[in-house]
Structures are given as structure tokens and as C-alpha cells.
Amino acid sequence: MSRLRDAAVGAAGALLAVGTWRAISRRPLATSWIRSDLDRRRPRPPAPGEIRLTVVVPAFAEQGRIGDTVRRLRADLDKVATDGGLEIIVVDDGSPDSTAREAERAGADRVVRHPRNRGKGAAVRTGVLMARGRTIAFTDADLAYSPDQILGLLEEIEAGWDVVVGSRRHTETTTLVRARRLREVGGRAINLLTRAVLLGHYRDTQCGLKAFRSDVARVIFTHCRVDGFAFDVEVFHLIERYHLSLAEVPVRVENSPASTVKVARDALRLVRDLFRIRRWARQGVYDPLPGELDPGDLPVG
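For the sequence shown, our numbering begins at 14 and goes up steadily by one.
For the record, the hints were derived by calculation from the structure and aren't laboratory data. Being a predicted model, the structure only gives us computed values, none of them experimental. One thing to keep in mind: the hints can contain errors.
In the SDA-like style, the derived pairs of lysine to any residue whose C-alpha atoms are separated by at most 20 Å in a straight line are [as the list claims (entries may be wrong)]:
#1 LYS92 / GLY62
#2 LYS92 / ARG55
#3 LYS92 / GLU63
#4 LYS92 / ARG182
#5 LYS92 / ALA172
#6 LYS92 / LEU164
#7 LYS92 / SER49
#8 LYS92 / ALA119
#9 LYS92 / ASP122
#10 LYS92 / LEU156
#11 LYS92 / GLY120
#12 LYS92 / ASP81
#13 LYS92 / LEU142
Given the sequences, and given the hints that come with them, work out the whole structure.
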């Protein structure tokens with residue numbers, strides 16, 4: 014165990030060194046260029062889809078809570094359901110309990126079961142790639158972000174943004190229940206580590222509330238490979254790489270004491286996956302297929 018810990022600490026140190034080097038040698042110019050690109054909305058035709066909005070809820074061992082989550086989503090998003098259509102997809106990521114059955118009973122439009130636990134990234138990817146909405150959002154099963162906030166993301170997507178993400182560190186964000194101190198410190202450390210991969214300056218990559226145009230979502234998640242905690246970072250990398258527009262918006266946060274996030278464990282996995290993202294980027298794994306992107310959306314080299 015100590016050998017594994019030492020290796021993980023060494024890897025984290027290497028990533029921090031890479032991030033520091035970027036900050037010194039490339040960061041100011043690269044950040045300015047990337048942010049300018051992210052802030053530029055592009056004229057696009059209406060997004061494809063049979064209904065107005067799909068909400069994907071990744072879930073693991075949420076027995077006793079997922080039913081209330083589905084019912085609250087349905088109630089708070091009723092306006093969308095009657096004005097364009099609403100779809101709720103719950104992806105049960107190999108839960109050992111009755112999570113899937115409770116979601117079905119509560120009225121989820123579709124419930125998908127992974128035969129084994131693969132990770133949040135895999136669950137979100139499964140839901141996004143089967144969604145029918147013109148806008149596709151995902152949120153956490155604990156509803157740390159009240160469902161009515163999805164309406165604001167939906168409006169921003171319909172106003173022309175490719176991707177809209179919640180930010181817990183936005184100047185206008187309100188925190189109703191604070192996270193434990195260890196989680197707050199761990200979150201800041203994770204944001205520092207992500208600078209080894211991401212060129213843009215983001216307040217918060219790990220917020221569990223994000224929305225996408227349907228066509229953009231399919232391109233991104235078709236190319237995503239990370240199953241676990243670092244999938245958000247991979248998503249941001251692809252947004253940069255594909256020259257997509259992105260808006261960061263404030264959120265109201267109510268942290269759950271029952272959160273399944275384990276700071277130390279997930280940070281170690283994040284370090285591993287950041288190395289993978291860098292390697293895959295160099296190998297051309299993320300290169301788009303012909304016709305996947307608009308002519309003006311050329312991939313970043």
C-alpha cells in the first residue's frame with residue numbers, strides 16, 4: 014500500500030510540475046487564446062432531437078433516494094414537459110441494491126443497468142448517447158443542485174451556447190450547505206492538477222451540473238474514454254480541442270453528507286486518468302471523424 018501511495022504522490026508531483034511549466038512558459042498566451050475561442054458563440058442550425066430536454070442521472074447505490082430524485086425532477090421541470098417534452102434517464106451503474114427498480118417505479122422514462130460498476134463517466138456517457146433531447150443535461154442523484162437550475166442551463170443552450178457548465182466557484186454561486194473541509198481542499202488540489210491537461214482557465218471542472226447541445230454532446234461523448242472521476246476533465250479537453258463554445262454559470266449548492274466522493278481515492282484515480290488523457294491526445298485518439306464537426310470547428314493540434 015505504501016509503495017502504491019508513493020507512486021501516486023510521485024505521479025501527482027510530475028503533473029504539478031507539468032502544470033507549473035505550462036503556467037510559466039505557455040499559460041498566459043494559451044489561456045487568452047482558448048478563452049477567446051470558448052467565449053465565441055457560433056451560428057448553428059437548431060439542435061436535432063425529438064423532444065426539448067433530456068436529463069441524465071448517473072446513480073450507484075441510491076436506494077431510498079433515487080425515487081425522490083426522479084419525482085422532484087419531474088415536478089420542478091414540469092414546464093418543460095408541457096412545452097417541448099422532457100425525458101429522464103437514470104443509469105444504474107451496477108448498484109447492489111434496488112436503485113433501478115425504485116427509479117422505474119418513480120416514473121423515469123428510461124432506466125439503464127450496467128451489469129457492473131464502471132464509474133460516473135461511463136454512466137453519463139451511456140445516458141447521453143441514448144438521449145432524445147435537443148438539449149442534454151446531467152445532474153447528480155443527490156440533487157446537490159436543485160432541479161429548477163437546469164432550466165437556466167436549458168435557456169443558455171437555446172440561446173446559442175454549445176456547452177453550459179455550473180461552477181461552484183463562480184462569484185455569484187450560493188452555497189446552502191458547505192462541503193467538509195477535506196473535500197473543499199481536495200477540490201482545489203484537483204483544479205490545480207487539471208492544469209496539466211487543460212489550457213483554459215476554469216473555476217470548476219467537477220461540478221455535477223452540465224448541459225450540451227445534442228449534436229455537440231454526441232461528438233464529445235462518442236470520443237470520451239474515461240469511465241471514472243476524471244471524465245469531466247476529458248470533456249473539457251474535448252471542448253477545447255473541438256473549438257466549442259462554453260458558458261460557466263453560478264449555481265446554488267447543497268452538499269450532501271451522503272456523497273460517494275472519496276477525496277483521497279478519487280484524487281489518485283484522477284492523476285492516473287490525467288496521464289491517460291495526455292497520452293491519448295498525443296496519439297490522436299480524440300481526432301474527430303470526417304463530418305463530425307462543422308467546417309469551422311477544426312480540432313486543436
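Status of each hint after checking the structure:
The suggested pairing of LYS92 with GLY62 holds, with an alpha-carbon distance near 18 Å, which does not exceed 20 Å. Proximity of LYS92 to ARG55 is assessed by CA-CA distance (about 28 Å); at most 20 Å being required, the pair is judged violated. Straight-line distance between C-alpha atoms of LYS92 and GLU63 comes to about 17 Å, which keeps the hinted pair within the 20 Å bound. Pair hint LYS92 plus ARG182 does not hold up; C-alpha atoms about 29 Å apart against a cutoff of 20 Å.
Proximity of LYS92 to ALA172 is assessed by CA-CA distance (about 18 Å); at most 20 Å being required, the pair is judged to hold. The straight-line distance between the Cα atoms of LYS92 and LEU164 is roughly 9 Å, inside the 20 Å bound, and the hint therefore holds. Annotation: proposed proximity of LYS92 to SER49 is violated, straight-line Cα distance about 34 Å (limit 20 Å). With a CA separation close to 19 Å, the supplied pair LYS92 and ALA119 stays within the 20 Å bound.
Restraint check for LYS92 and ASP122: satisfied, since their Cα atoms lie roughly 17 Å apart, inside the 20 Å limit. Proximity of LYS92 to LEU156 is assessed by CA-CA distance (about 19 Å); at most 20 Å being required, the pair is judged to hold. Taking the CA atoms of LYS92 and GLY120, the gap is near 17 Å; set against the 20 Å cutoff, the hint holds. Proposed proximity of LYS92 and ASP81 is supported: the alpha carbons are some 19 Å apart, at most 20 Å.
Restraint check: the Cα-Cα separation between LYS92 and LEU142 comes to about 24 Å, which exceeds 20 Å; the hinted pair is violated.
Hints 2, 4, 7, 13 from the earlier list are contradicted by this structure; the remaining hints agree with it.
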